[in-house]
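Enquirer: Listed below, chain by chain, are the residues.
There are 2 protein chains.
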Amino acid sequence: MKAKKKKENFRSDCPISSALDLFGDKWSLLVIRDLVYFGERTFKDFSNADEKISSARLSDRLCKLEVLDLIIKSNHPTNKKVFVYRLTEKGMDLFPVIAEYVRWSNKYLNDHINEPAKQFSKQLEEDREGTLLKFMQKSS
Amino acid sequence: MKAKKKKENFRSDCPISSALDLFGDKWSLLVIRDLVYFGERTFKDFSNADEKISSARLSDRLCKLEVLDLIIKSNHPTNKKVFVYRLTEKGMDLFPVIAEYVRWSNKYLNDHINEPAKQFSKQLEEDREGTLLKFMQKSS
DNA sequence: TAATTTTACTTTCAATTCGGAAGTAAATAT
DNA sequence: ATATTTACTTCCGAATTGAAAGTAAAATTA
Chain U
4 MKAKKKKENF RSDCPISSAL DLFGDKWSLL VIRDLVYFGE RTFKDFSNAD
54 EKISSARLSD RLCKLEVLDL IIKSNHPTNK KVFVYRLTEK GMDLFPVIAE
104 YVRWSNKYLN DHINEPAKQF SKQLEEDREG TLLKFMQKSS
Chain G
4 MKAKKKKENF RSDCPISSAL DLFGDKWSLL VIRDLVYFGE RTFKDFSNAD
54 EKISSARLSD RLCKLEVLDL IIKSNHPTNK KVFVYRLTEK GMDLFPVIAE
104 YVRWSNKYLN DHINEPAKQF SKQLEEDREG TLLKFMQKSS
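From first to last, the protein sequence lines are chains U and G. Read in the working numbering, the first sequence has 120 at position 117, and its numbers run on one by one without any break. Read in the working numbering, the second sequence has 85 at position 82, and its numbers run on one by one without any break.
Possibly wrong hints are sitting among the right ones.
For chains that are exact copies, the list does not tell them apart, and a pair is met inside one copy or across any two.
[Stated by the list, open to error] Straight line, CA to CA, 27 angstroms or less: simulated DSSO-like cross-link-like pairs of lysine-lysine:
hint : residue 1 : residue 2
1    : K110      : K47
2    : K93       : K67
3    : K76       : K110
4    : K84       : K10
5    : K55       : K76
6    : K29       : K93
7    : K47       : K67
8    : K10       : K55
9    : K55       : K110
10   : K110      : K10
11   : K121      : K10
12   : K76       : K137
13   : K121      : K83
14   : K110      : K67
15   : K93       : K125
Just so you know, the hints here were simulated from the structure itself, not pulled from any lab data.
Start from the sequences and build out the full structure, keeping to the hints where you can.
Expert: If you want it as structure tokens, here you go:
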């Protein structure tokens with residue numbers, strides 16, 4: 004269930020540290036990533052991602068992100084057991100952050116990252132604004 | 004001392020998760036932030052930041068970031084006891100990531116963040132490319 | 001020059017967080 | 001009617017963190 008929102012204790016009034024206080028763990032941005040890419044995901048879909056998050060961890064990340072209003076949880080249209088997660092606008096607005104991680108990794112971890120990511124990074128280099136807009140409109 | 008670089012075990016070939024594997028903790032980007040802002044910092048300078056990192060944690064973050072070649076450590080010109088940390092180009096290239104965190108927080112945590120950050124965010128909104136360039140050239 | 005302070009750490013340890021495995025319960029498929 | 005799937009929850013040992021205290025060398029002060 005969606006837990007009560009207990010007050011966040013920010014370390015400072017710095018926007019960077021505050022953002023990290025909210026979703027600066029190793030999993031939150033990967034959930035956002037999947038939702039940017041696929042538009043909607045179920046618990047199982049997230050579980051199947053390459054990074055293999057444990058179900059306990061996925062469960063509490065999804066709760067936190069929902070409490071933060073970065074994602075919303077709704078019922079599956081036909082299957083009552085399944086829930087569908089999507090991005091809110093607030094969550095979608097993290098896409099530029101993600102895009103910059105991609106560019107950095109494309110430059111410095113190039114021989115390690117997958118081909119589609121390289122392609123996406125190339126698009127970003129050629130037309131950052133356009134590429135971002137294209138993705139962000141697709142899901143609104 | 005600068006530890007041996009033990010092989011990084013990336014969770015996947017995704018550029019986002021890989022970047023998070025390298026510096027996706029709650030402190031690394033704050034060290035980078037201080038260096039973007041001030042150009043150079045000593046151990047004590049970092050310790051004095053608002054977030055109050057413990058010295059044990061600061062010590063191992065600095066080591067990791069140095070091993071990753073995101074920062075370099077050099078002697079203080081006059082004081083043998085003090086070391087000066089600076090960004091490498093690789094580290095400076097994280098500035099766009101940081102800038103996007105600032106924009107996001109300025110939009111969604113506006114009443115919590117400090118005034119200079121708001122000003123910086125405003126500059127970014129008006130001229131992202133120019134603002135980034137101005138900062139990134141300042142320290143090369 | 002001797003004593004004090006400063007700086008850059010290291011050490012220790014309790015508390016929090018994490019990963020992995022196993023379990024549960026309801027809904028769906030067979 | 002039974003088996004399977006899905007979305008979790010529960011446990012627990014291991015890893016990471018934060019806070020406090022300690023250390024050693026260099027610089028400053030008396």
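Enquirer: All hints, please: hold or fail.
Expert: Hints, verified against the model:
1. Proximity of K110 and K47 under a CA criterion of 27 angstroms is satisfied in neither setting, with 32 angstroms inside one chain copy and 32 angstroms between copies.
2. For the identical chains of this complex, K93 and K67 are intra-copy neighbours only, at 14 angstroms inside a copy versus 32 angstroms across copies, given an alpha-carbon limit of 27 angstroms.
3. For the identical chains of this complex, K76 and K110 are inter-copy neighbours only, at 23 angstroms across copies versus 35 angstroms inside a copy, given an alpha-carbon limit of 27 angstroms.
4. For the identical chains of this complex, K84 and K10 are neighbours neither inside a copy (31 angstroms) nor across copies (42 angstroms), given an alpha-carbon limit of 27 angstroms.
5. In this assembly of identical chains, the alpha carbons of K55 and K76 lie at most 27 angstroms apart only when taken from the same copy (21 angstroms versus 36 angstroms across copies).
6. Proximity of K29 and K93 under a CA criterion of 27 angstroms is satisfied in both settings, with 19 angstroms inside one chain copy and 21 angstroms between copies.
7. Taking identical chains as interchangeable, the C-alpha atoms of K47 and K67 lie at most 27 angstroms apart only when both belong to the same chain, with a minimum of 18 angstroms there against 34 angstroms between chains.
8. In this assembly of identical chains, the alpha carbons of K10 and K55 lie at most 27 angstroms apart only when taken from different copies (20 angstroms versus 30 angstroms within one copy).
9. Only within a single protomer do K55 and K110 lie at most 27 angstroms apart by alpha-carbon distance; the minimum there is 25 angstroms, versus 32 angstroms between protomers.
10. Proximity of K110 and K10 under a CA criterion of 27 angstroms is satisfied inter-copy only: 19 angstroms between copies versus 38 angstroms inside one chain copy.
11. For the homomeric pair K121 and K10, the shortest alpha-carbon distance between copies (23 angstroms) is at most 27 angstroms, but the shortest distance inside one copy (39 angstroms) is not.
12. Only within a single protomer do K76 and K137 lie at most 27 angstroms apart by alpha-carbon distance; the minimum there is 24 angstroms, versus 42 angstroms between protomers.
13. For the homomeric pair K121 and K83, neither the shortest alpha-carbon distance inside one copy (38 angstroms) nor that between copies (45 angstroms) is at most 27 angstroms.
14. Proximity of K110 and K67 under a CA criterion of 27 angstroms is satisfied inter-copy only: 19 angstroms between copies versus 32 angstroms inside one chain copy.
15. Both within a single protomer and between protomers do K93 and K125 lie at most 27 angstroms apart by alpha-carbon distance, with minima of 26 angstroms and 19 angstroms respectively.
When each numbered hint is compared with the structure, violations occur for hints 1, 4 and 13.
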